[in-house]
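Letter by letter, the chains look like this.
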Amino acid sequence: MNVSDTKKEFPIFDNKVHNNDLIYLDSANSSQKPRVVIDRIYDFYTKEFSNVGRSVHYLAIAATNLYENTRVSVQKYINALDKNEIVFTKGATEAINLVANTFGQKYLEEGDEVLLTELEHHSNYVPWHFLRKSKNIKIEFAEINNDGDITLDSIEKKITNKTKIICVTHLSNVTGAILPIKDIAKLAHSKGIPILIDGCQGAPHLKLDMQDLDCDFYAISGHKMYGPTGIGILYAKKKWLDELPPYQGGGGMIKEVNKNVISYGDLPNKYEAGTMATAQVIAFNESIKFLEKIGIDNIEKHEKELLNYATEILGNNNSINIVGNPKNKGGVISFTIEGVHPHDIATILDEDGVAIRAGHHCCQILHQKLGLPATARVSFGVYNTKEDIDQLDKSIEKCKNIFNLK
Amino acid sequence: MNLKELYQEIILDHGKNPRNLRKTDNFNKDAKGYNPLCGDKVHVYLKLNENKKVEDISFEGSGCAISMASASIMTDLVRGKEEIEVKEIVSDFLDMIKEKNELSNKILKDDEKTKLMCLSGVKKYPMRVKCATLSWHTLTSALENSQITINTEN
Numbered sequence: 004m005n006v007s008d009t010k011k012e013f014p015i016f017d018n019k020v021h022n023n024d025l026i027y028l029d030s031a032n033s034s035q036k037p038r039v040v041i042d043r044i045y046d047f048y049t050k051e052f053s054n055v056g057r058s059v060h061y062l063a064i065a066a067t068n069l070y071e072n073t074r075v076s077v078q079k080y081i082n083a084l085d086k087n088e089i090v091f092t093k094g095a096t097e098a099i100n101l102v103a104n105t106f107g108q109k110y111l112e113e114g115d116e117v118l119l120t121e122l123e124h125h126s127n128y129v130p131w132h133f134l135r136k137s138k139n140i141k142i143e144f145a146e147i148n149n150d151g152d153i154t155l156d157s158i159e160k161k162i163t164n165k166t167k168i169i170c171v172t173h174l175s176n177v178t179g180a181i182l183p184i185k186d187i188a189k190l191a192h193s194k195g196i197p198i199l200i201d202g203c204q205g206a207p208h209l210k211l212d213m214q215d216l217d218c219d220f221y222a223i224s225g226h227k228m229y230g231p232t233g234i235g236i237l238y239a240k241k242k243w244l245d246e247l248p249p250y251q252g253g254g255g256m257i258k259e260v261n262k263n264v265i266s267y268g269d270l271p272n273k274y275e276a277g278t279m280a281t282a283q284v285i286a287f288n289e290s291i292k293f294l295e296k297i298g299i300d301n302i303e304k305h306e307k308e309l310l311n312y313a314t315e316i317l318g319n320n321n322s323i324n325i326v327g328n329p330k331n332k333g334g335v336i337s338f339t340i341e342g343v344h345p346h347d348i349a350t351i352l353d354e355d356g357v358a359i360r361a362g363h364h365c366c367q368i369l370h371q372k373l374g375l376p377a378t379a380r381v382s383f384g385v386y387n388t389k390e391d392i393d394q395l396d397k398s399i400e401k402c403k404n405i406f407n408l409k
Numbered sequence: 029m030n031l032k033e034l035y036q037e038i039i040l041d042h043g044k045n046p047r048n049l050r051k052t053d054n055f056n057k058d059a060k061g062y063n064p065l066c067g068d069k070v071h072v073y074l075k076l077n078e079n080k081k082v083e084d085i086s087f088e089g090s091g092c093a094i095s096m097a098s099a100s101i102m103t104d105l106v107r108g109k110e111e112i113e114v115k116e117i118v119s120d121f122l123d124m125i126k127e128k129n130e131l132s133n134k135i136l137k138d139d140e141k142t143k144l145m146c147l148s149g150v151k152k153y154p155m156r157v158k159c160a161t162l163s164w165h166t167l168t169s170a171l172e173n174s175q176i177t178i179n180t181e182n
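Heads up: the sequence lines are chains A and B, in that order.
Here the numbering used here = 1-based position in the first sequence + 3.
Here the numbering used here = 1-based position in the second sequence + 28.
Just so you know, not all the hints are guaranteed correct.
Said to hold, decoys possible - Here are the computed lysine-lysine pairs in the DSSO-like style, where the Cα-Cα straight-line distance is at most 27 Å:
{"hint": "1", "chain 1": "A", "residue 1": "Lys240", "chain 2": "A", "residue 2": "Lys161"}
{"hint": "2", "chain 1": "B", "residue 1": "Lys134", "chain 2": "B", "residue 2": "Lys81"}
{"hint": "3", "chain 1": "B", "residue 1": "Lys115", "chain 2": "B", "residue 2": "Lys69"}
{"hint": "4", "chain 1": "B", "residue 1": "Lys32", "chain 2": "A", "residue 2": "Lys403"}
{"hint": "5", "chain 1": "A", "residue 1": "Lys296", "chain 2": "A", "residue 2": "Lys10"}
{"hint": "6", "chain 1": "B", "residue 1": "Lys32", "chain 2": "A", "residue 2": "Lys409"}
{"hint": "7", "chain 1": "A", "residue 1": "Lys401", "chain 2": "B", "residue 2": "Lys151"}
{"hint": "8", "chain 1": "A", "residue 1": "Lys401", "chain 2": "B", "residue 2": "Lys143"}
{"hint": "9", "chain 1": "A", "residue 1": "Lys403", "chain 2": "A", "residue 2": "Lys210"}
{"hint": "10", "chain 1": "B", "residue 1": "Lys115", "chain 2": "B", "residue 2": "Lys51"}
{"hint": "11", "chain 1": "B", "residue 1": "Lys57", "chain 2": "B", "residue 2": "Lys137"}
{"hint": "12", "chain 1": "B", "residue 1": "Lys115", "chain 2": "A", "residue 2": "Lys401"}
{"hint": "13", "chain 1": "A", "residue 1": "Lys397", "chain 2": "B", "residue 2": "Lys44"}
{"hint": "14", "chain 1": "B", "residue 1": "Lys151", "chain 2": "A", "residue 2": "Lys19"}
{"hint": "15", "chain 1": "A", "residue 1": "Lys401", "chain 2": "B", "residue 2": "Lys44"}
The hints are simulated quantities; they were obtained by calculation from the structure and are not laboratory data.
Only a predicted model underlies this, so the values are computations on that prediction, with no experimental measurement involved.
From just these sequences and the hints, can you work out the full model?
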């Protein structure tokens, strides 16, 4: 792929940060947006806006078609069997909350266990914690090994006859570990347990094939996939969406309402109550097209190259400790510098226009396990170059100078 | 923006070798502070004598250079002061960090004020102001014995 051409498609890079070029190394937090996505939102509001699925006028029909087109694009992009297996949400967080709430309501009883991993983001822990409070369920955590990795074995060890669902991340937003989710799904299913994948970091960077993966639920964040904020996707096997109760009640999700009885709408309406993030859903179709145009194989290759290059450069720096060394790793590197707190690193790098994340990255369980209150993190996207890593390296040296480190 | 203004030698020194980073024996007031955004934690311990004078003050915790230096300088400056004076210094410091250009209290000596003003560099970094103020809010909570964990996001 030609990165300089790709980068030109992102208007944000026309701006300066503290009079420097922007070096954006925070895509695991949220990615920047290509012009096609930004323009699509503008065009929809200026030329095509209407609410979807309700009125019969010209604009309403056109908007409904555009909205449903995204559903089909997503279905194809992740190779889901049926377009009705795609539910739009406000984000991956809502997608996981939807499953925790409805699955918990219907299938979880006191003493039942939900199995997570120590790598999970708060969005794949807190929704299950609500059930611990309301239904007295238990939450178990598969433990990371010394490389910050989760093995199939670590999952298997924690499965009991009380385990009712297994919820794991596809790609850790801290150690970068890519989990063997196909094998985990196979293991779960061999014991009759459904599996949810938090695909926030997986979906933007890895090839997705729901039929091959055979997971029950897969949560996707739109804004990390070069799409707008306010949109996420829950992929769920149709049998679950048929069986589970609705999540939120309101307009659009009902079939018939009278004073005593309410019947719910068919899929996909059943889970999309109220006016959805229409413009964002429609613009998200452009994100999918953008990713398809570059090709996910090229993206994986590009980000692997950046990862290897950055690992070599940071690895050669004696003051830097890279967190975790997973067997299979995505484009995320968390690190610490002996003697400089991650927040000070982030402030100093920012002065050079280098945007990174510092803190616990919404993974406090993992940071407690690692014995680190905070880490600094760089993460890659389609627009990053080796020159970005060189600048990162220079800015880290500046950081060490300010703190009088050798 | 000027990183040198933010990371002055005195800040780096106190950040690297924080004074009073320990737990006061027989403390009679304490409070915890927490910044959930970055995970910075501080626990301030105070020993007030019968005349309401700070006989000892210390802190435990972890955080960035700014938060550690701020707690370190704070504990150095309020030791030996009366409770009412401590409260005035705290409110003067918080006013300075938020809006005022200088400190106006009559309690601290000029060289002490100069030391404290080294923290004023954070004013240009809004996201870092909380790092500088966490231990000060926590000290207030300890004096009030409110038993509430100070949370920068509440």
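Right, here's what the structure says about each hint:
no. : hint                  : in the structure
1   : A:Lys240 <-> A:Lys161 : 25 Å, holds
2   : B:Lys134 <-> B:Lys81  : 17 Å, holds
3   : B:Lys115 <-> B:Lys69  : 22 Å, holds
4   : B:Lys32 <-> A:Lys403  : 13 Å, holds
5   : A:Lys296 <-> A:Lys10  : 14 Å, holds
6   : B:Lys32 <-> A:Lys409  : 18 Å, holds
7   : A:Lys401 <-> B:Lys151 : 22 Å, holds
8   : A:Lys401 <-> B:Lys143 : 25 Å, holds
9   : A:Lys403 <-> A:Lys210 : 38 Å, violated
10  : B:Lys115 <-> B:Lys51  : 21 Å, holds
11  : B:Lys57 <-> B:Lys137  : 26 Å, holds
12  : B:Lys115 <-> A:Lys401 : 38 Å, violated
13  : A:Lys397 <-> B:Lys44  : 23 Å, holds
14  : B:Lys151 <-> A:Lys19  : 22 Å, holds
15  : A:Lys401 <-> B:Lys44  : 17 Å, holds
In terms of the numbered hints stated before, the structure departs from hints 9 and 12, listed from lowest to highest.
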